[in-house]
Amino acid sequence: MISIKNLHANVEDKNILKGLNLEIKPGEVHAIMGPNGAGKSTLGNVLAGRDNYEVTEGTVVLNGKNILEMEPEERAREGLFLAFQYPVEIPGVSNLEFLKASVDSVRAHQGKPALDSVQFLKLAREKCKAVNLDQSFLKRGVNEGFSGGEKKRNELMQMMLLEPSLCILDETDSGLDIDALQVVAEGVNAMRDANRSFIVVTHYQRLLDYIVPDYVHVLANGRIVKSGGKELALELEEKGYGWLESADNGAA
Amino acid sequence: MSSNAEIERRIGNEYQAGFVTDIESDTIEAGLSEDVVRFISAKKGEPEWMTEWRLKAFRAWQEMKEPSWANVHYPEIDFQALSYYSAPKSMADKPKSLDEVDPELLRTYEKLGIPLHEQMALAGIAVDAVFDSVSVATTFRSKLAEAGVIFMPISEAVHEHPELVKKYLGTVVPQRDNFYAALNSAVFSDGSFVYIPKGVRCPMELSTYFRINEAKTGQFERTLIIADEGSHVSYLEGCTAPMRDENQLHAAVVELIALDNSEIKYSTVQNWYPGDKEGKGGIYNFVTKRAVAHTNAKVSWTQVETGSAVTWKYPSCVLKGDNSVGEFYSVALTNNYQQADTGTKMIHLGKNTRSTIISKGISAGKSQNAYRGLVRMNPTAAGARNYTQCDSLLIGDQCGAHTFPYIESKHPSAVIEHEATTSTVSDDQLFLCRQRGIDTEKAVSMIVNGFCKEVFKELPMEFAVEAGKLLEVSLEGSVG
Numbered sequence: 001m002i003s004i005k006n007l008h009a010n011v012e013d014k015n016i017l018k019g020l021n022l023e024i025k026p027g028e029v030h031a032i033m034g035p036n037g038a039g040k041s042t043l044g045n046v047l048a049g050r051d052n053y054e055v056t057e058g059t060v061v062l063n064g065k066n067i068l069e070m071e072p073e074e075r076a077r078e079g080l081f082l083a084f085q086y087p088v089e090i091p092g093v094s095n096l097e098f099l100k101a102s103v104d105s106v107r108a109h110q111g112k113p114a115l116d117s118v119q120f121l122k123l124a125r126e127k128c129k130a131v132n133l134d135q136s137f138l139k140r141g142v143n144e145g146f147s148g149g150e151k152k153r154n155e156l157m158q159m160m161l162l163e164p165s166l167c168i169l170d171e172t173d174s175g176l177d178i179d180a181l182q183v184v185a186e187g188v189n190a191m192r193d194a195n196r197s198f199i200v201v202t203h204y205q206r207l208l209d210y211i212v213p214d215y216v217h218v219l220a221n222g223r224i225v226k227s228g229g230k231e232l233a234l235e236l237e238e239k240g241y242g243w244l245e246s247a248d249n250g251a252a
Numbered sequence: 001m002s003s004n005a006e007i008e009r010r011i012g013n014e015y016q017a018g019f020v021t022d023i024e025s026d027t028i029e030a031g032l033s034e035d036v037v038r039f040i041s042a043k044k045g046e047p048e049w050m051t052e053w054r055l056k057a058f059r060a061w062q063e064m065k066e067p068s069w070a071n072v073h074y075p076e077i078d079f080q081a082l083s084y085y086s087a088p089k090s091m092a093d094k095p096k097s098l099d100e101v102d103p104e105l106l107r108t109y110e111k112l113g114i115p116l117h118e119q120m121a122l123a124g125i126a127v128d129a130v131f132d133s134v135s136v137a138t139t140f141r142s143k144l145a146e147a148g149v150i151f152m153p154i155s156e157a158v159h160e161h162p163e164l165v166k167k168y169l170g171t172v173v174p175q176r177d178n179f180y181a182a183l184n185s186a187v188f189s190d191g192s193f194v195y196i197p198k199g200v201r202c203p204m205e206l207s208t209y210f211r212i213n214e215a216k217t218g219q220f221e222r223t224l225i226i227a228d229e230g231s232h233v234s235y236l237e238g239c240t241a242p243m244r245d246e247n248q249l250h251a252a253v254v255e256l257i258a259l260d261n262s263e264i265k266y267s268t269v270q271n272w273y274p275g276d277k278e279g280k281g282g283i284y285n286f287v288t289k290r291a292v293a294h295t296n297a298k299v300s301w302t303q304v305e306t307g308s309a310v311t312w313k314y315p316s317c318v319l320k321g322d323n324s325v326g327e328f329y330s331v332a333l334t335n336n337y338q339q340a341d342t343g344t345k346m347i348h349l350g351k352n353t354r355s356t357i358i359s360k361g362i363s364a365g366k367s368q369n370a371y372r373g374l375v376r377m378n379p380t381a382a383g384a385r386n387y388t389q390c391d392s393l394l395i396g397d398q399c400g401a402h403t404f405p406y407i408e409s410k411h412p413s414a415v416i417e418h419e420a421t422t423s424t425v426s427d428d429q430l431f432l433c434r435q436r437g438i439d440t441e442k443a444v445s446m447i448v449n450g451f452c453k454e455v456f457k458e459l460p461m462e463f464a465v466e467a468g469k470l471l472e473v474s475l476e477g478s479v480g
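For the record, the sequence lines run as chains A and B.
full-length UniProt numbering applies: residue 1 is where the first sequence begins, and numbers increase by one.
full-length UniProt numbering applies: residue 1 is where the second sequence begins, and numbers increase by one.
Same shape as in the complex, but just chain A (with noise of 0.2 Å):
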């Protein structure tokens, strides 16, 4: 699905990714924890495309496709999906605008034919209905005037709606209570399947009672510096992440 090998990545040359490995297969499930600090938005953002994250080493293959070097469209078109952990306001822009506008394109590049007025209102009252949101947050401006929770099942929405091959989401649990968490773990899990890998991004175990990962990683000072099962976000917990920090920095 997606091999990332010694990845190095600077925001406003700043070192943070420090030659990150990574190997995800089809239908996995993996959990990227670690310190404030880390380097775990970095991540998703450098995976993304995003201005000013800048890569100076290492390549990235999604689906057999180096993709460091597409634009961030294309790689959205490829079927990489970052959920943001502050997803942004598009003030009169409806949500259905802007959803149609994100399907067409990303169906027109993966060549399936486009999807009629009605068609798409019909499959995006389902979506949203699948999130538990409200019909008339389709016709609100993106994310304006949203609560934290409503902005993280609209974001919900947009994966529901683009099947992506590989979805990152970005502390997703952030800023959610416990009922809106389990709405969207409710999304995520029924979306998992043998095609379908994800990066899950999150600063707490919390997340992952819901989410349950095949594998957990532990980042730190912008690489990987321990691996294992679901049972390692467990240690985590009881520990924290000091004594992976200390073991690093002895190690380098």
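A couple of the hints might just be wrong.
[Stated by the list, open to error] One side only, chain B facing chain A, incomplete, derived with CB under 10 Å:
id, residue
1, Gln398
2, His418
3, Thr422
4, Phe431
5, Leu432
6, Gly437
7, Ile438
8, Asp439
9, Thr440
10, Ala443
11, Met446
12, Asn449
13, Phe451
14, Cys452
15, Lys453
16, Glu454
[Claimed, not checked] What follows is a list of derived Cβ distance ranges for each label pair:
id, chain 1, residue 1, chain 2, residue 2, range
17, A, Asp209, B, Ser423, 31 to 41 Å
18, A, Gly228, B, His402, 20 to 30 Å
19, A, Gln110, B, Ala145, 53 to 63 Å
20, B, Asn71, A, Asp193, 58 to 68 Å
Treat the hints as calculated values from the structure; they're not laboratory data.
Ideal Cβ positions, reconstructed from N, Cα and C, are used throughout, including at glycine.
Chain B: place on chain A using the hints.
Only chain B this time, still in chain A's reference frame:
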């Protein structure tokens, strides 16, 4: 590279109406004098009262100074270096029907998307096409005549309906109103004349399409619209010009008279040539537009301004009659080195008069975009209300947005609300769109259209789509 830098880098200039029509024109020598005014008047075979009216304006103009208070900067205009009359030669012997009109002229309008043959024309829209100084064709005149609606070039109205022209011309914008209005009054060449009789709802949209073609000429059109009691009309004007290195002057005057219980909706899609990426060339658009609304009448101005190198324009309403309503909906987009100083004046005289101002300014490139507005509640305007919303959107970090709202209230019961915001198209917004597979140009156009939504919904349906596309073209390449 940040998105902002990419925006700067890719701000392009894809002006699609910039071609020149190769046609022989009858253009008088540069310069302005009483003789030139008389020449123009004679060329149109005008009656003496009209000639005198022009001369009065010319004399007033000679004593006036160009206004300098607007937030725009341009080299001094040499008014003696301009030609004040230009007409396609083929129009000299006035063609009696469209079949006699020079095909080259018809092709020009077809290229601009304005077919003049009625069978091809947009359904339900009558068009008056003005090319440089003369009207080329007015469609659907007979159909309109059945409803009693008069829609013709003002040069013809002077002959055919002198009583109406005499009664109303200059009553809203007097000859000496301001420097450009005086100039226009002296040398105006053509424009549209509309009269809607009492109680008539105009059966179709009326529209005038202005085209400047000849180099080194000014265009000075004059539009006069009279909606008699209880009538209703919707009117739209569009404008384009070829790409030329020199600046060209366009100084129009539009007067609207909305008599008791009538309604006039006046929409403009202004797309004069804005100049090139370095700010060379483009139209100086110095326009005076004003309406008088009598008792219970309603006047609504909607403008989408994307063209011109310099814009100086304040479509205004004098709310004279009790309960009259004035509206101003504006989208002004500036890119590259364009400068716009535009807004409105709402003068409340009658009781319970109401006005609404929604202004959306979009600045990109190195442009400067100013909203200038006046809301005045006179001592007679008991119970008057105004609501103003004035939003600016900045694209990139080298442009400017300015707001100059003036509020004068002389009646204690008047209510005035003013809201203003300034925002940017942020990197975060663009990234969200791109991460969802939407390319940057589409994203910016979506965001800008979203910003303008409240204004676009006021445009007649066909033109709302056009306006959206025009914004897209005007911003083409403005993002990475």
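Tested hints:
1. Gln398: Given a least distance of 18 Å, the restraint on Gln398 of chain B is violated.
2. His418: violated, 19 Å
3. Thr422: With a minimum Cβ separation of about 13 Å from chain A (threshold 10 Å), the hint on Thr422 of chain B is violated.
4. Phe431: Status holds, d = 6 Å.
5. Leu432: This interface hint holds because 5 Å falls under the 10 Å limit.
6. Gly437: With a closest approach of 4 Å, the Gly437 of chain B hint holds.
7. Ile438: Because about 5 Å separates Ile438 of chain B from the closest Cβ in chain A, which is inside the 10 Å limit, the hint holds.
8. Asp439: holds, 5 Å
9. Thr440: holds, 8 Å
10. Ala443: This hint holds: Ala443 of chain B lies near chain A, its Cβ roughly 8 Å from the closest one there, short of 10 Å.
11. Met446: Holds, about 5 Å.
12. Asn449: Because about 7 Å separates Asn449 of chain B from the closest Cβ in chain A, which is inside the 10 Å limit, the hint holds.
13. Phe451: holds, 5 Å
14. Cys452: holds, 8 Å
15. Lys453: holds, 5 Å
16. Glu454: holds, 8 Å
17. A:Asp209 with B:Ser423: 31 to 41 Å: Check passed, 40 Å falls within 31 to 41 Å.
18. A:Gly228 with B:His402: 20 to 30 Å: violated, 59 Å
19. A:Gln110 with B:Ala145: 53 to 63 Å: Holds, at about 57 Å.
20. B:Asn71 with A:Asp193: 58 to 68 Å: holds, 59 Å
Hint compliance for this structure: hints 1, 2, 3, 18 are broken, all remaining hints hold.
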